[in-house]
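The opening position of the sequence shown corresponds to residue 136 in our numbering, with each subsequent residue numbered one higher.
What follows is a list of derived Cβ distance ranges for each label pair:
1. K157 with P192: 50 to 56 Å
2. R150 with W172: 38 to 44 Å
3. P138 with A169: 44 to 50 Å
Note that these hints are calculated values from the structure, not bench results.
All of these numbers come straight from a predicted model, not from anything done at the bench.
Cβ atoms here follow ideal geometry from the backbone N, Cα and C, with glycine treated the same way.
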Amino acid sequence: MPPEGYHVVRSHIRRNPRPRGKKMSGWMIAGLIAAIWLWGQVFGFGSEETTDHPASPRPAASTPASR
Numbered sequence: 136m137p138p139e140g141y142h143v144v145r146s147h148i149r150r151n152p153r154p155r156g157k158k159m160s161g162w163m164i165a166g167l168i169a170a171i172w173l174w175g176q177v178f179g180f181g182s183e184e185t186t187d188h189p190a191s192p193r194p195a196a197s198t199p200a201s202r
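Please work from the sequences and hints to get the whole structure.
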C-alpha cells in the first residue's frame, strides 16, 4: 500500500498529479500584446490631445544664420 498522496504504476510508486491552475500560454500572451499594439496603431492612446503647447518650428543647428 503506497503512502497517502502516491499511487502505484507498474510496481513503481508515483506521486499523485497536482491540480494545475489556469495559466496563460505563450500564444495567448503574444496575442494580447499584439492586440494592444494594434489598438494603439488604429485608435491611439490619446497622447496627442493632452499636449498643452503647440510645437514651434526651430531651425536646425546646421542652418546658417541670416543677417
